[in-house]
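*Asks:* Sequence:
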Amino acid sequence: MDTREVSMCSTIHPVYSGDTVQRWQKTGDGTQQKMSLPRPTAVTEYNKYMGGVDTSDQMTGTNSVHRKTRRWPITVFQHRVDIAVTNAFVIHKTRCASLQERPMTRQQFQADIFRLRP
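To convert, take the position in the sequence shown, counting from 1, and add 41; that gives our numbering.
Heads up, a few of these hints could be off.
What the hints assert, rightly or not - With a cut-off of at most 30 Å between alpha-carbon atoms, the simulated DSS-like pairs for lysine-lysine come out as follows:
| no. | residue 1 | residue 2 |
| --- | --- | --- |
| 1 | K89 | K67 |
| 2 | K89 | K75 |
| 3 | K134 | K89 |
Claimed, not checked - What follows is a list of derived Cβ distance ranges for each label pair:
| no. | residue 1 | residue 2 | range |
| --- | --- | --- | --- |
| 4 | D70 | P144 | 58 to 68 Å |
| 5 | R108 | R45 | 25 to 35 Å |
| 6 | W113 | C50 | 15 to 25 Å |
| 7 | H107 | T135 | 21 to 31 Å |
| 8 | T68 | W113 | 46 to 56 Å |
| 9 | H107 | Y87 | 24 to 34 Å |
Keep in mind that the hints were calculated from the coordinates and are not lab data.
In this text, all values refer to a predicted model and were calculated from it rather than measured experimentally.
For every residue, glycine included, the Cβ atom is placed at its ideal position computed from N, Cα and C.
Please model the entire structure based on the sequences and the hints provided.
*Replies:* Structure, rendered in structure tokens:
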């Protein structure tokens, strides 16, 4: 849905590079007509790569080590552990695919990582 304005902040993108997008807009008499609206470069780049972020969020959300706590540093630490485990699992799956081996499931992989070893 393109019904709300969003704010974006970027230090690497120019404000506007000439990209436009076509959107329907109601006219005064109740009909709709297509209008060409400017699209900031940051929005174009976000839309281009947001699938990877969504996949990362989905993978991090399943089998998370996050537990409710009142102390924010613990929450940040738990989130970083989740990201590290997710990245390690992706590397594991890629390695197994290149060696033509069957990878562990996410639960097996996470249990193997957190198993205490003598």
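*Asks:* Work down the list of hints and note, for each, if the structure agrees.
*Replies:* Going down the list of hints, with the structure as the test:
1. K89 <-> K67: holds (28 Å)
2. K89 <-> K75: Answer holds: K89 to K75 is near 23 Å, not above 30 Å.
3. K134 <-> K89: holds (24 Å)
4. D70 <-> P144: 58 to 68 Å: holds (60 Å)
5. R108 <-> R45: 25 to 35 Å: 34 Å Cβ-Cβ, so the 25 to 35 Å window holds.
6. W113 <-> C50: 15 to 25 Å: 22 Å Cβ-Cβ, so the 15 to 25 Å window holds.
7. H107 <-> T135: 21 to 31 Å: holds (25 Å)
8. T68 <-> W113: 46 to 56 Å: holds (50 Å)
9. H107 <-> Y87: 24 to 34 Å: At roughly 25 Å between Cβ atoms, Y87 and H107 fall inside 24 to 34 Å, so the hint holds.
Of the numbered hints listed earlier, not one is contradicted by the structure.
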